[in-house]
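Colleague: Below are the chains, spelled out letter by letter.
There are 2 protein chains.
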Amino acid sequence: MTLFPQLDAFRGGNNQVRLIGHRGSRGVMPENTMPGFAFTLDIGVDALEFDVVMTRDRVPVIAHNSRLDASFTRDQKGSWIAEPGPRIAELTLRELQTLDVGGLDGRSTYGQRFPDQAFLNDVRIPSLEELLDFANLPERKNLSLMLEFKSDIDAKSPVQERVELVAKVVSQVRARKLEARTVLHSFDWDLLSECRRLAPEMPTSYLSIMPSNFQGSDTKDPALVCPDFGAFQMSLPQAVARAGGQMWCPYVADVTQDLVAEAHQLGLLVSVWTVNDPAEIQRMIDVGVDGIVTDYPGRVQRILSAQGMVWRDDTYGQTA
Amino acid sequence: MTLFPQLDAFRGGNNQVRLIGHRGSRGVMPENTMPGFAFTLDIGVDALEFDVVMTRDRVPVIAHNSRLDASFTRDQKGSWIAEPGPRIAELTLRELQTLDVGGLDGRSTYGQRFPDQAFLNDVRIPSLEELLDFANLPERKNLSLMLEFKSDIDAKSPVQERVELVAKVVSQVRARKLEARTVLHSFDWDLLSECRRLAPEMPTSYLSIMPSNFQGSDTKDPALVCPDFGAFQMSLPQAVARAGGQMWCPYVADVTQDLVAEAHQLGLLVSVWTVNDPAEIQRMIDVGVDGIVTDYPGRVQRILSAQGMVWRDDTYGQTA
Numbered sequence: 013m014t015l016f017p018q019l020d021a022f023r024g025g026n027n028q029v030r031l032i033g034h035r036g037s038r039g040v041m042p043e044n045t046m047p048g049f050a051f052t053l054d055i056g057v058d059a060l061e062f063d064v065v066m067t068r069d070r071v072p073v074i075a076h077n078s079r080l081d082a083s084f085t086r087d088q089k090g091s092w093i094a095e096p097g098p099r100i101a102e103l104t105l106r107e108l109q110t111l112d113v114g115g116l117d118g119r120s121t122y123g124q125r126f127p128d129q130a131f132l133n134d135v136r137i138p139s140l141e142e143l144l145d146f147a148n149l150p151e152r153k154n155l156s157l158m159l160e161f162k163s164d165i166d167a168k169s170p171v172q173e174r175v176e177l178v179a180k181v182v183s184q185v186r187a188r189k190l191e192a193r194t195v196l197h198s199f200d201w202d203l204l205s206e207c208r209r210l211a212p213e214m215p216t217s218y219l220s221i222m223p224s225n226f227q228g229s230d231t232k233d234p235a236l237v238c239p240d241f242g243a244f245q246m247s248l249p250q251a252v253a254r255a256g257g258q259m260w261c262p263y264v265a266d267v268t269q270d271l272v273a274e275a276h277q278l279g280l281l282v283s284v285w286t287v288n289d290p291a292e293i294q295r296m297i298d299v300g301v302d303g304i305v306t307d308y309p310g311r312v313q314r315i316l317s318a319q320g321m322v323w324r325d326d327t328y329g330q331t332a
Numbered sequence: 013m014t015l016f017p018q019l020d021a022f023r024g025g026n027n028q029v030r031l032i033g034h035r036g037s038r039g040v041m042p043e044n045t046m047p048g049f050a051f052t053l054d055i056g057v058d059a060l061e062f063d064v065v066m067t068r069d070r071v072p073v074i075a076h077n078s079r080l081d082a083s084f085t086r087d088q089k090g091s092w093i094a095e096p097g098p099r100i101a102e103l104t105l106r107e108l109q110t111l112d113v114g115g116l117d118g119r120s121t122y123g124q125r126f127p128d129q130a131f132l133n134d135v136r137i138p139s140l141e142e143l144l145d146f147a148n149l150p151e152r153k154n155l156s157l158m159l160e161f162k163s164d165i166d167a168k169s170p171v172q173e174r175v176e177l178v179a180k181v182v183s184q185v186r187a188r189k190l191e192a193r194t195v196l197h198s199f200d201w202d203l204l205s206e207c208r209r210l211a212p213e214m215p216t217s218y219l220s221i222m223p224s225n226f227q228g229s230d231t232k233d234p235a236l237v238c239p240d241f242g243a244f245q246m247s248l249p250q251a252v253a254r255a256g257g258q259m260w261c262p263y264v265a266d267v268t269q270d271l272v273a274e275a276h277q278l279g280l281l282v283s284v285w286t287v288n289d290p291a292e293i294q295r296m297i298d299v300g301v302d303g304i305v306t307d308y309p310g311r312v313q314r315i316l317s318a319q320g321m322v323w324r325d326d327t328y329g330q331t332a
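Chains B and H are the protein sequences, given in the same order. No gaps in the numbering here: position 154 of the first sequence is 166 in the numbering used here, and each next residue is one more. No gaps in the numbering here: position 198 of the second sequence is 210 in the numbering used here, and each next residue is one more.
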């Protein structure tokens, strides 16, 4: 029924809410790392959300911020790097991969938000290709990718930069024939237009956050590359549909039952970020979202299974 | 310096506190299961605590209670088993392994204690031999075993039963040459005497809990097979030393700085169970225990690393 088979893995309904591991499973494992991705899949969560930026030598790598984060980056001597960390766009892949992102500094504000995250050593920022190769392993064939593009706000030529990033990423995805398992995802709606132009075979997922909720959100970059959502003359689902998207990915506090219903009427799927609080998890189930992006997939699994709900097609987790 | 090389992996001091995953890592993964054990090792925790009981066909298997627990056991149809679950001693290994212990029922009291534990499907109660074979894999050579014997309080011939259990377990450990990585551990101090007689090459670890703290503890069995600790005419460390033990494993609320110092003066190591609360974790670090048995190893790693402390010999996790 859908033009995009990729979306089947993100569609809820009928006692089912999809789980999407946020940056892997940031509550449990170091974010945006291969051990975190493997853990997420190993507990039966098939969709990974992760972030892509580009190095100085033009290699797409998996990292959330345009700068290295001092609260989870150690140098070769095991010392935390100084704040502010260098821009990833100014380091080569080789330079980046001398650094260790397996541990979170328990003294940092950011570290205190994830007190149970395991502390690993010798974990490198992965290139996108590492994750794509992993997705292509026969035992990982269930894996779906929610690939978030991060726009570099400090880039000298933002338009040229984003065209190059999208082109590189699309080419790497296609080289592994992973288009049918990949959703392209961003706050940068202009970049998503570029995606639709360069890769019409992959669905696009439109992130949003209302300015009134920005302070309480998870977002670190103060100058996110995104539209002025507060100035829209229509609802967010309408705007996503008009932009040509297939998925709307709102911030949890912005979600209402009416908006979810409206999105569904417009033929959109709704995945919500980032839902960690048990009451919010329940509210998202109740308003009927398709998918929950979470740092704590075990927690959401438990809330779903306790009410006889599933997150996979094979009734994984369902109890009679 | 020690007669028991097994103890080196459990010795703290010098900025080091050892981590021991309780039933694997029960806060994160299903307890006493192979996926939980693998996760624990994968995050850099080398010591596993787990529980051994015997099936009807006399196979040592890894499970905490003498009865199957309805809050985390599903039958072949995916239904939770009825309370009270059958005694493990009345089922064969084959019968046991038709059941799924990968998920925890979020509606149960026990399930609510571990709300972040992942919900897996198709996870079986492992035989002890499965874990021993896993420990013998070349990539798992760092693994140390804190093997807890559970005495069956309902056995018809408790003495004969415990002799048979100890003999079977010791023979399986020896068959894989794992004696030098195994500590024998129990609340049943008579059983530990049997261990000392049958396996003098393996150190013994004496569990204790003062009756005054029993209510607040983790222990489910109402009639634990253990001495009447409240009636001892000497301190617990003195009693362990007199009994011939090498390690004392007290309940966290029973631990004081003086008792830890006394245990160390007597040449004992001190590992404490089960320490999940951040304030208690810090208190255990401060009173100088050797090891912390925890359901949340990531949490303890983070508290240790934030103060420049380590849990492994290779300065794993240490930050400069």
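Incorrect hints may appear among the rest.
Since copy identity is lost for identical chains, a pair holds within one copy or between any two.
[Unchecked claim] Calculated lysine to any residue pairs in the SDA-like style (CA-CA distance at most 20 Å, straight line):
{"hint": "1", "residue 1": "Lys153", "residue 2": "Thr104"}
{"hint": "2", "residue 1": "Lys89", "residue 2": "Asn27"}
{"hint": "3", "residue 1": "Lys168", "residue 2": "Leu103"}
{"hint": "4", "residue 1": "Lys89", "residue 2": "Gln28"}
{"hint": "5", "residue 1": "Lys168", "residue 2": "Arg70"}
{"hint": "6", "residue 1": "Lys180", "residue 2": "Ser163"}
These aren't lab readings, by the way, just hints derived from the structure by calculation. Fair warning: this is a prediction, and the values are worked out from it, not measured in the lab.
Colleague: Go through the copies and call it for lysine 89 and glutamine 28: within, between, both or neither, with a Cα cutoff of 20 Å.
Modeller: Answer is between; shortest inter-copy Cα gap is 19 Å, intra-copy 47 Å.
Colleague: How do lysine 89 and asparagine 27 come out at 20 Å by Cα distance, when the copy is not named: within, between, both, or neither?
Modeller: between (50 Å within a copy, 18 Å between copies)
Colleague: As a check of your reading, is lysine 168 near leucine 103 (CA-CA no more than 20 Å) within one copy, between copies, both or neither?
Modeller: For lysine 168 and leucine 103, the Cα distance is within 20 Å only inside one copy (16 Å; across copies 70 Å).
Colleague: At 20 Å max between alpha carbons, let me know whether lysine 180 reaches serine 163 within a copy, between copies, both or neither.
Modeller: within (14 Å within a copy, 61 Å between copies)
Colleague: For the identical chains here, do lysine 153 and threonine 104 meet the 20 Å Cα criterion within one copy, between copies, both, or neither?
Modeller: Classified as neither; 31 Å inside a copy, 35 Å across copies.
Colleague: I want to check one pair: lysine 168 and arginine 70. Are their C-alpha atoms no more than 20 Å apart within a copy, between two copies, both, or neither?
Modeller: Within. Shortest intra-copy distance 14 Å satisfies the 20 Å Cα cut-off; inter-copy 71 Å does not.
Hint violations for this structure: number 1 only, all remaining hints satisfied.
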